[in-house]
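There are 2 protein chains.
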Amino acid sequence: MKSRTPDSEADGWETVSSRTCFEDGNLTVVIEEMRSPARRDPRLWTVVRRKGAVVVAPITSEGKLILIRQERIPIRAAIWEVPAGQIDGEFETNLDEIAAVALRELREETGFELSEGGDLIPLGDYFTSPGFTDERGYFFLARPVRECASGHSRDESESILDCRAFSPEELRGMIANNEIRDANTLAICARLLACGFLSFGQG
Amino acid sequence: MKSRTPDSEADGWETVSSRTCFEDGNLTVVIEEMRSPARRDPRLWTVVRRKGAVVVAPITSEGKLILIRQERIPIRAAIWEVPAGQIDGEFETNLDEIAAVALRELREETGFELSEGGDLIPLGDYFTSPGFTDERGYFFLARPVRECASGHSRDESESILDCRAFSPEELRGMIANNEIRDANTLAICARLLACGFLSFGQG
Numbered sequence: 003m004k005s006r007t008p009d010s011e012a013d014g015w016e017t018v019s020s021r022t023c024f025e026d027g028n029l030t031v032v033i034e035e036m037r038s039p040a041r042r043d044p045r046l047w048t049v050v051r052r053k054g055a056v057v058v059a060p061i062t063s064e065g066k067l068i069l070i071r072q073e074r075i076p077i078r079a080a081i082w083e084v085p086a087g088q089i090d091g092e093f094e095t096n097l098d099e100i101a102a103v104a105l106r107e108l109r110e111e112t113g114f115e116l117s118e119g120g121d122l123i124p125l126g127d128y129f130t131s132p133g134f135t136d137e138r139g140y141f142f143l144a145r146p147v148r149e150c151a152s153g154h155s156r157d158e159s160e161s162i163l164d165c166r167a168f169s170p171e172e173l174r175g176m177i178a179n180n181e182i183r184d185a186n187t188l189a190i191c192a193r194l195l196a197c198g199f200l201s202f203g204q205g
Numbered sequence: 003m004k005s006r007t008p009d010s011e012a013d014g015w016e017t018v019s020s021r022t023c024f025e026d027g028n029l030t031v032v033i034e035e036m037r038s039p040a041r042r043d044p045r046l047w048t049v050v051r052r053k054g055a056v057v058v059a060p061i062t063s064e065g066k067l068i069l070i071r072q073e074r075i076p077i078r079a080a081i082w083e084v085p086a087g088q089i090d091g092e093f094e095t096n097l098d099e100i101a102a103v104a105l106r107e108l109r110e111e112t113g114f115e116l117s118e119g120g121d122l123i124p125l126g127d128y129f130t131s132p133g134f135t136d137e138r139g140y141f142f143l144a145r146p147v148r149e150c151a152s153g154h155s156r157d158e159s160e161s162i163l164d165c166r167a168f169s170p171e172e173l174r175g176m177i178a179n180n181e182i183r184d185a186n187t188l189a190i191c192a193r194l195l196a197c198g199f200l201s202f203g204q205g
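Here the protein sequences line up with chains A and B, keeping their order.
Just so it is clear: in the first sequence, position 160 is 162 by our numbering, and no numbers are missing.
Just so it is clear: in the second sequence, position 46 is 48 by our numbering, and no numbers are missing.
Please note that a few of the clues may not be correct.
No distinction is drawn between identical chains; accordingly, a pair holds when it is met within one copy or between any pair of copies.
[Stated by the list, open to error] Simulated crosslink set (DMTMM-like; lysine to aspartate or glutamate; CA at most 25 Å straight-line):
#1 66 <-> 110
#2 66 <-> 35
#3 66 <-> 25
#4 53 <-> 26
#5 53 <-> 118
Honestly, the hints are just simulated from the structure, not real lab data.
Input sequences plus hints: build the corresponding full structure.
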């Protein structure tokens, strides 16, 4: 797994200047003056730096996808989405460590865990909005999953209202009718469909 | 189309306090103290406010999807993605105005336009990272599209390196092998697949 090297001068990306404008525990806003491989005249860009995150598709032995319903303050709404969570601590350079975060978030947010003999399959990564942020999500398929004896252990700062299993046909309907509408869930579904781990059947 | 009412006290969302920490023409960082329908104890949250955007899937009469290859400063990389652009000016409350932005961005970024008798089909919206930003993308399918006589007219601030048409099978391979890895493109593909406007065929 490649580490992020935001200040690397390799490959024609060159930081001419960089000024931190805001920083708290959640994000950092930097105004950067950058040269790129195709544009040697420096451009100013406002960038929001964020920790990476894990994004997990938990699929049961019946082929259903587990979603949580979560309140999201920035959009003033509760939405159905796959479990996910930020990668704390060190930079995300080690896929084994990231996988451990994925299993922890799965258990904490849904109360599900990998079944004995189940697999946690890395499915690459993605950028949530590369026009303004370096935020990156690391995709995992967890299958099959089963309910933990101990249940979930949700973080106090979260607000998870519900957790349910949805069939591929239900999922397809929720995506088509705009009920599923966050990047994590839509993007991991695209990856699952492209990799043959999920099928919407014949239209 | 519902307008965003970030300070609405309706439906149990209540802003207890709000402090703007950073603002430029690209984004605004606000620390909000919010009550939500499920959590009456106020929580502090750092929110990045951004303009909405259009996200367009242009499909040719041969069923190919037009992608652009664009340098993205925040991630230090050039990636293949669908054309997209921010909605300037007024709040995005009028779907006709948003559709006009979609057609303009399509033409500017790709040099393609709707064929005579072609359709611009709204496909709902999505949130790029609702854990920290209200940024919302409005999806459109444009089909069939054809090359403009006048070509593209790219913005000076952008850095678009290439533009090509990809078959559904090529697209599927690029999503599966992590070559397509931005939220806009993955998410609109999930919506297109769920709505039956795109098919990856049998795995």
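Do the hints match the structure? See the list:
1. In this homomeric assembly, residue 66 and residue 110 come within 25 Å of each other (Cα to Cα) only inside a single copy, at 19 Å, whereas the closest approach across copies is 42 Å.
2. Taking CA atoms no more than 25 Å apart as the test, residue 66 paired with residue 35 passes in neither setting, with 47 Å inside one copy and 37 Å between copies.
3. In this homomeric assembly, residue 66 and residue 25 never come within 25 Å of each other (Cα to Cα): the closest approach is 40 Å inside a single copy and 43 Å across copies.
4. In the homo-oligomer, the alpha carbons of residue 53 and residue 26 lie at most 25 Å apart both inside one protomer (12 Å) and across protomers (22 Å), since each shortest distance falls under that limit.
5. With identical chains, the CA atoms of residue 53 and residue 118 are never at most 25 Å apart, being 31 Å at best within one copy and 46 Å at best between copies.
Checked against the numbered hints given earlier, this structure breaks hints 2, 3, 5; the rest are met.
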